[in-house]
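With these hints in hand, go ahead and build the complete structure from the sequences.
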Amino acid sequence: MDDLESRLATLLGEPGAADPPPDLAGRIHRAVATRRRNRRTAWLAALACVTAVLVAVPLTLRDGGGDTAATVDPAPRPTVTVTVIGPPSGGPEPTRTVTAVPERPAGQAFEERLRHLVAVTGMVKVGTRTASGEPFTPSALGPDGTVLGLTPGGVAAEAPATGGTPGNAGFSAQSGLGAAEGLRTWTENGEQRCRTAGGPTRTISPQGTDPQAPVWVDGGAIAGSDAMGQPWVAAGCAETGRTVTDGRPAAGTPVAFSYPYLFTVEPANDGKLRLVDVRTLTVAAEHPLPEGVRAHTMGQPRQQWYAAATDTAFAWVAGGVLRSVPRHGWEPERSFGPVPEPGEGERAWMTAGDRLVAYTTGDLSLVHDPETGVTLKQRGLVLAAGPWLLWQEGDAYRLARVK
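Note that full-length UniProt numbering has the sequence shown beginning at 1, numbered continuously upward.
Hint data in this document are derived by calculation from the structure and do not stem from the laboratory.
Hints may contain errors.
Capping the alpha-carbon separation at 20 Å, the derived lysine to any residue pairs in SDA-like fashion look like this [said to hold, decoys possible]:
| hint | residue 1 | residue 2 |
| --- | --- | --- |
| 1 | Lys403 | Glu112 |
| 2 | Lys272 | Gln300 |
| 3 | Lys272 | Gln303 |
| 4 | Lys125 | Glu112 |
| 5 | Lys377 | Gly394 |
| 6 | Lys125 | Glu111 |
| 7 | Lys377 | Tyr306 |
| 8 | Lys272 | Pro260 |
| 9 | Lys125 | Lys403 |
| 10 | Lys272 | Ala318 |
| 11 | Lys272 | Thr282 |
| 12 | Lys272 | Gly229 |
| 13 | Lys272 | Ala295 |
| 14 | Lys377 | Leu364 |
| 15 | Lys403 | Arg115 |
Rendered as structure tokens:
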């Protein structure tokens, strides 16, 4: 029996109980109210403690050796069920099961999580519509911070590293957009075009270019692949590029570029990943096929996989898993778990800057730091190049300079 009820029974059982003290009712109400306030305070404190623990502790994955492999964005947010003493609603005092689903605090916005990972030395907004009001979707980010993209009608538009509303770039394109300081390149009618500021438009692909294949711009060089999957490289817009060979029909299919090295694979014949020095068109290093990349068998469909290279690491997605390896020494290979799969009508691709790697399907993206193993998740498009990172947030894009 509740101690208050015991005291009341004792009081009422004493001589003269038929005439209770005039303030007895008030004393009872005040005591009950005080007890309820105390219980409510304890209940709220317990719930706040659980929520604080969920928000404060990052989700950390560990690899088989016990080393930290990745810290990922807590989305979807964790749900934890705890049992606490709840405020009474009359009658016997119950226990209540509360499911705490912490909302992401303001400090967990993508910008803040990025600032915990790298130094952000500047950030601007880039509009989602052109000056003429057409929707703008970025397709390429240059190492100089230029954001280059297309409107629904295939007209190219661009925004500088200072941000703002994208303006007309002066050409139309199918795909294959790339930018660097004073240089723009794009795929048009099966050829790769290139133009410098104020200069003429030239064709730089030696024997056409594959409009479905990526085009890279880094270190003033432009690299892509022709319709037969052979890599080609051009030293800017001044002259036609050269097909990359190594005394054989080709050195493989290009998968990534970090000047001066073009990363190519030949999964059908010798199963190698090669680093081709585009300055000399010679093979600088060879490695086995990356983990998860299958050797190609004649008559079988080619495996779809993606890669990107920073100054210090080679990263790839094969079999739906993100992995990376340091370029110096080429070991150890590390796995960082599954990636978002592209939805219907979407395509995935990877880009890389000086340090960060971005994997995107257009709707969902990952930003990966091979140096620390940290991976951040973000909705919408994310691109990386040089010291820049571009991501979609709300009704605009954010362009940040990172290091």
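Consistency of the hints with the structure:
This hinted pair checks out: Lys403 and Glu112 have alpha carbons roughly 15 Å apart, not beyond 20 Å. The suggested pairing of Lys272 with Gln300 holds, with an alpha-carbon distance near 19 Å, which does not exceed 20 Å. Distance restraint check for Lys272 and Gln303: the Cα-Cα separation of roughly 15 Å lies within the 20 Å cut-off, and the hinted pair is therefore satisfied. About 16 Å separates the Cα atoms of Lys125 and Glu112, which keeps this hinted pair within 20 Å; it holds.
Restraint check for Lys377 and Gly394: the C-alpha separation of about 15 Å stays at or below 20 Å, so the hint holds. Our distance criterion of 20 Å between C-alpha atoms is met by Lys125 and Glu111, whose separation comes to about 12 Å. A hinted pair counts as satisfied when its Cα atoms are at most 20 Å apart, and Lys377 with Tyr306 qualifies at roughly 18 Å. With a CA separation close to 19 Å, the supplied pair Lys272 and Pro260 stays within the 20 Å bound.
Our distance criterion of 20 Å between C-alpha atoms is met by Lys125 and Lys403, whose separation comes to about 19 Å. The suggested pairing of Lys272 with Ala318 holds, with an alpha-carbon distance near 15 Å, which does not exceed 20 Å. A distance of roughly 15 Å separates the Cα atoms of Lys272 and Thr282; the hinted pair therefore holds under the 20 Å criterion. The hinted pair formed by Lys272 and Gly229 meets the criterion: a straight-line CA distance of about 16 Å does not exceed 20 Å.
Of the pairs offered as hints, the one joining Lys272 and Ala295 holds, with about 9 Å between alpha carbons and a cut-off of 20 Å not exceeded. At roughly 8 Å between alpha-carbon atoms, Lys377 and Leu364 fall within 20 Å of each other, so this suggested pair holds. Proposed proximity of Lys403 and Arg115 is supported: the alpha carbons are some 10 Å apart, at most 20 Å.
Every hint, counting from the list given before, is met by this structure.
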